[in-house]
Amino acid sequence: MKMKAAVLEKFDAPLSVQEVELAEPRRGEVLVRLVACGVCHTDLYTASGADPSGYAPTVLGHEGAGVVERVGEDVTSVAEGDHVVTLFSPQCGDCVHCRSPRTNLCLAIREQQNQGYLPDGTTRLSREGEPIRHFMGTSTFAEYTVMPEIALAKVSPEAPLEGAALFACGLTTGLGAAMNTAKVEQGSTCVVFGAGMVGLGAVIGCRLQGAERIVCVDLSEERLALAQGHGATETMLGGSDTVERILESTGGFGADYTFEATGNVAVMRQAVESARMGWGLCTVAG
920 MKMKAAVLEK FDAPLSVQEV ELAEPRRGEV LVRLVACGVC HTDLYTASGA DPSGYAPTVL
980 GHEGAGVVER VGEDVTSVAE GDHVVTLFSP QCGDCVHCRS PRTNLCLAIR EQQNQGYLPD
1040 GTTRLSREGE PIRHFMGTST FAEYTVMPEI ALAKVSPEAP LEGAALFACG LTTGLGAAMN
1100 TAKVEQGSTC VVFGAGMVGL GAVIGCRLQG AERIVCVDLS EERLALAQGH GATETMLGGS
1160 DTVERILEST GGFGADYTFE ATGNVAVMRQ AVESARMGWG LCTVAG
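Numbering (my numbering) for the sequence shown: 920 to 1205.
Take these hints with a grain of salt, some might be off.
[Claimed, not checked] Simulated pairs of lysine-lysine, DSBU-like, Cα-Cα distance not exceeding 30 Å:
#, residue 1, residue 2
1, K1102, K1073
2, K921, K1073
3, K923, K1073
Because the hints were derived from the structure by calculation, they are not lab data.
Modelling step: build the complete structure from the supplied sequences, incorporating the hints.
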């Protein structure tokens, strides 16, 4: 089928919206009509050419949500009309990582995915007979995508797809950091550095875990207001004295849990130094 997609032709250049070919789903695959898609820093990082493993041409995007249009043979978990969210870290269920509860970074699928291919080592995208590689196994900057059944999560049809798309990457990264990695305990004090999507996810995760104090640190007043609206009990403008202010506000002890969601090395150090001596846990997410 023909469709429109935003193609990365070369690094550090605008994406080109053009017509490309999308092949039909094969065995175990699903055709999804995309309705909403977020823009992640990873997309921008790859497009800039800074990612040493990046490639072009490709169709970027990995925070997608949409509706199942058709399914290939042997697909059982989703059906035509289902609302779904794309998953860029699917699991084969057989490798040593998939059999462990400690990670969801599948070894079998990741190798092909990092090269721009679906699990079978091929692509469903092409243009004038020449293949175009996928991005993170998803390629959601397009009208449609074909993905493995295991790379889709069914969501309630009542959930707005523009909101559901946020669960495809950033939001769940932050949620998982608080709920699955740190396992924040009820009544604890948490500090989240960064109020982007990952940081907001961490704030929400801390709230759901029952944290008593959730301090969010950022350089943007607008983002801090968003953090407060999503569960932060306090906000703080970041600066060179952030650690001192956090220690002062915690009786000199530091926070039980800190989360770093900016990617800035200096802020990572602040997050570590803001964690309570003895049992404080710092989680770097993103």
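Okay, the hints, checked on the actual structure:
Note on K1102 and K1073: the hinted pairing holds, with a Cα-Cα distance of about 25 Å set against a maximum of 30 Å. Of the supplied pair hints, the one linking K921 and K1073 holds, its CA atoms being roughly 25 Å apart against a limit of 30 Å. The straight-line distance between the Cα atoms of K923 and K1073 is roughly 24 Å, inside the 30 Å bound, and the hint therefore holds.
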